[in-house]
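Asks: Residues per chain, in single letters:
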Amino acid sequence: MSNLRINRKKNKRFGILICVAAILLGILLAAFIYRLVSGKPFASVFRGFLPWFLALAVSAVAYGTPLMFGTLGEILTEKSGNLNLGVEGIMFMGGAFGLGGAYYYNQLASNPNGYVAIAIAIISAFLAGAIASLIYSFITITLRANQNVTGLALSIFGTGVGQFTGEFMRVKAGSYITLSNDLKDFFIMCPFPKFIQNIPVIGRLIFGHGIFFYLGIIVAVILAFYLNKTRSGLYLRAVGESPATADAAGINISKYKYLATVIGGGISAIGGMVFITTIAGCTWNHEGLSGFGWLSVALVIFCLWRPTAAIWSAVLFGALVDLYNRLHLAFLPDEIYKILPYVVTVIVLIFSSLRNNKEKQPPASLGLAYFREDR
Amino acid sequence: MDSCYAIELRNITKRFGEVVANRDISIGLKRGQILSLLGENGSGKTTLMNMLAGIYLPDEGQILADGEPISIRSPKDSFRYGIGMIHQHYKLVDVFTAAQNIVLGLNEGGLNIKETNTRVQEICDRYGFDIDPAKKVYDMSVSEKQTVEIIKVLYRGAEILILDEPTAVLTPQETQKLFAILRNMRDDNKAIVIITHKLNEVLELSDEVAVLRKGTYIGTVKTAETTAQALTDMMVGHAVALNIDRPFNQNQTERLTLKNVTCYDHEQVKKLDNVTFTVNGGEILGVAGIAGSGQKELLESIAGLYPVAEGSIEYTPPEGDVKNLVGMSPTQIHKAGVALAFVPEDRLGMGLVGSMGMTGNMMLRSWKNGFGPFVDRKGPQELANFIWNDLEVVTPSTEFPVRRMSGGNVQKVLVGREIASHPSVLMSAYPVRGLDINTSYAIYNLMTEQKMNGVAVLFVGEDLDVLLELCDRILVLCGGKVSGIVDARTATKDQIGLLMTSVGGKEEA
Chain C
0 MSNLRINRKK NKRFGILICV AAILLGILLA AFIYRLVSGK PFASVFRGFL PWFLALAVSA
60 VAYGTPLMFG TLGEILTEKS GNLNLGVEGI MFMGGAFGLG GAYYYNQLAS NPNGYVAIAI
120 AIISAFLAGA IASLIYSFIT ITLRANQNVT GLALSIFGTG VGQFTGEFMR VKAGSYITLS
180 NDLKDFFIMC PFPKFIQNIP VIGRLIFGHG IFFYLGIIVA VILAFYLNKT RSGLYLRAVG
240 ESPATADAAG INISKYKYLA TVIGGGISAI GGMVFITTIA GCTWNHEGLS GFGWLSVALV
300 IFCLWRPTAA IWSAVLFGAL VDLYNRLHLA FLPDEIYKIL PYVVTVIVLI FSSLRNNKEK
360 QPPASLGLAY FREDR
Chain H
0 MDSCYAIELR NITKRFGEVV ANRDISIGLK RGQILSLLGE NGSGKTTLMN MLAGIYLPDE
60 GQILADGEPI SIRSPKDSFR YGIGMIHQHY KLVDVFTAAQ NIVLGLNEGG LNIKETNTRV
120 QEICDRYGFD IDPAKKVYDM SVSEKQTVEI IKVLYRGAEI LILDEPTAVL TPQETQKLFA
180 ILRNMRDDNK AIVIITHKLN EVLELSDEVA VLRKGTYIGT VKTAETTAQA LTDMMVGHAV
240 ALNIDRPFNQ NQTERLTLKN VTCYDHEQVK KLDNVTFTVN GGEILGVAGI AGSGQKELLE
300 SIAGLYPVAE GSIEYTPPEG DVKNLVGMSP TQIHKAGVAL AFVPEDRLGM GLVGSMGMTG
360 NMMLRSWKNG FGPFVDRKGP QELANFIWND LEVVTPSTEF PVRRMSGGNV QKVLVGREIA
420 SHPSVLMSAY PVRGLDINTS YAIYNLMTEQ KMNGVAVLFV GEDLDVLLEL CDRILVLCGG
480 KVSGIVDART ATKDQIGLLM TSVGGKEEA
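For the record, the sequence lines run as chains C and H. Just so we're aligned, residue 0 is where the first sequence starts under numbering that gives the first Met the number 0, counting upward by one. Just so we're aligned, residue 0 is where the second sequence starts under numbering that gives the first Met the number 0, counting upward by one.
Since the hints were made in silico from the structure, they are not lab data. One should not assume that every hint holds.
Unchecked claim - Result set (DSSO-like, lysine-lysine): computed pairs, CA atoms no more than 27 Å apart in a straight line:
id, chain 1, residue 1, chain 2, residue 2
1, H, Lys213, H, Lys492
2, C, Lys254, C, Lys228
3, H, Lys492, C, Lys228
4, C, Lys359, H, Lys213
5, H, Lys295, C, Lys359
6, C, Lys357, H, Lys144
7, H, Lys221, C, Lys254
8, C, Lys357, H, Lys90
9, C, Lys359, C, Lys228
10, H, Lys269, H, Lys221
11, H, Lys322, C, Lys357
12, C, Lys228, H, Lys295
13, H, Lys113, H, Lys144
14, H, Lys269, H, Lys480
15, H, Lys90, H, Lys322
16, H, Lys258, H, Lys480
17, H, Lys113, C, Lys359
18, H, Lys322, H, Lys144
19, C, Lys228, H, Lys135
20, H, Lys144, C, Lys359
21, H, Lys221, C, Lys228
22, H, Lys90, C, Lys228
23, C, Lys357, H, Lys113
24, C, Lys359, H, Lys258
25, H, Lys75, H, Lys113
26, H, Lys295, H, Lys135
27, H, Lys492, C, Lys357
28, H, Lys221, H, Lys258
29, H, Lys176, H, Lys322
30, C, Lys359, C, Lys254
31, C, Lys254, H, Lys269
32, H, Lys113, H, Lys90
33, H, Lys135, H, Lys113
34, H, Lys322, H, Lys258
35, C, Lys357, H, Lys134
36, H, Lys492, H, Lys221
37, H, Lys295, H, Lys480
38, H, Lys113, C, Lys228
39, C, Lys228, C, Lys337
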């Protein structure tokens, strides 16, 4: 037994080593690619590389933030054993309703306040996602329908509802709808004072992002604390791992599943809202958002159901999503870049199942309906 | 009655549909005492105790705690009265530590694992457990998992502990350790029930023994005043005449010989231990034994479904050379000319596809026949019709999903299909389980017919009366070992009962 423990420690050290090596290799590779593209000699490559890398990092964070919310919500959902494949639809609904909330507030209030607008956007997106997930929960938890089919249906349904709402608002307003410029600035503002942002390199790299990125980090840390350090989080994980065990211990399975799925759906929906209000510039954009929900589902697997890992994985995926804007290789069509996140997910899936590590696995009852009679 | 009982069951009756699982049972549990609940499989021991654990509700009768009538409607109620049951299948979350599993479901405000660890350690020290609270369940051996389950119950303040077959998965050393702990708990004035069918353990550990037979309460005796023989008599009862037709086949030839076969399961527990015997063509060899004594593994290892670690299985076909079946895949065994008809214990799980009709299920055996990618539906269709008519299967059509047929009818389809494949060795496990008398006799006759045709029949059964009247010889398994082979025409029920509970029929206690 003690042998086993030493082995695991070794494994951990080995893992960290590989991570560091991978990061160094990644930077070298990025520099090399940059050299290829720019055609400049290596000495100037490193001088030119830094601004390029900073720009990529900033946009990676921008694209990663909606993904981060989508992923965090889905992690919470999946920890309860519910595989909600409807994230795509939920994010569409969140985007449309979040924008709608902020837009109508902007129209109705005589002197709109930016913070209130953000709060209204968050709340309306959250509610939209929560209601969508409530439908999903009722069908899968109470009626015990197949989770995959229900999730796919919700995906299509939610996309439709989001599109409809977005278009409806546009038609009703007569032209495209958008917020006033003052409010727009609030959605992409950076919460740190100027002098911190002005620190060379680090200022832009760490303190220069929009407010939602830092909100996402807070959500991730709270979620990690909840899952790992609180009693209720422990029970939630027990429900996702082995509902029969949790049931025998007197834990209310349906309550935990409903709450986790509904709140998780709400958090995912905020991701959709963040996309529309930051990247899409507070205008309803019925194309840009598509695929983000699926990427979030993939990201949950990629970060192995760990909320804190969702932060950097989301940024990484954000970089992959944005790569085609910043890297043009003549022989590669742009579509190739768009499959990169999925390729990475497949590779991670292969490795995580090969590693045979019992910790870094999906919740054991993921995707299964629970029947008490079966015990 | 006096109220010296911690928990008393009065005139408990529990029915599942038509089946009476417990009939009018009255048992009392005393503090500071270990009570064994002894009985064969299906005698209703677990059902009875599940009513204390809040899993079932009794249909009739009363449960009293310290003389007061109570009703236990859920596992939570059960906890409240200080009853803790350790089930045969452990309910633990694999990726949690021992301590996390122990606090699961308790409402104690914040989560303080350190404090939990100290309390767990206290319980361990008090009764002599040995467990690391921070160890993950997936790293644990079966015995450690059991320890966690017991501590879980004690942590909740249980005064009455019920253990369902606690030694079934333990090694002898672990069993001794568990017994020592149970004695410590008894000395701590807790009431303990162990559900078991192992006589030697009953005699070694318990203070009193309550015996159940086929759902009926036979009696309670003090362990010190009884013997293994007396308990066996109580457990198996007297022989009942069934009048199954049993002709004798004169031309018996050696068909299947197992030599020193040993098997391990994935947890490296020995499932078959040095099994040696011969089945002749033209005889029915009954296999008796308490459930889980290796019957399933025995049949599956012959069929090539279970890995054989040591030993050989020699098959002598009616014509041709002797072949060793060990190491061959099920398909190879089939191709080599060995026809094994296998009726698995779990008939829908391994034998049939529930959503297919009879024809479809017939095709599972014959899908290899037919041209290229096309299957031959005609043959299976005829076979399905034949079974439908001949075995009187009640179904609207041969395309009706077997899942929606009644248990007895499903069984008939399965047995009929296996027999129709003209095997030279027919293996069947519990082929009459859940069937009514008439259908059972139809199946007995089918097997006897096969025997008279020179087929070697291996029949795993649970009803000793049937085994004694149907079979020519009976092989008794006990804990994966061959406990003995007796002539079914002369053997007595007691003799087999004793062989089932202890190897060689010797009293070990």
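Asks: Which of the numbered hints are not met once you compare them with the structure shown?
Replies: 3, 4, 5, 7, 10, 11, 12, 15, 18, 21, 24, 26, 27, 28, 29, 31 and 39
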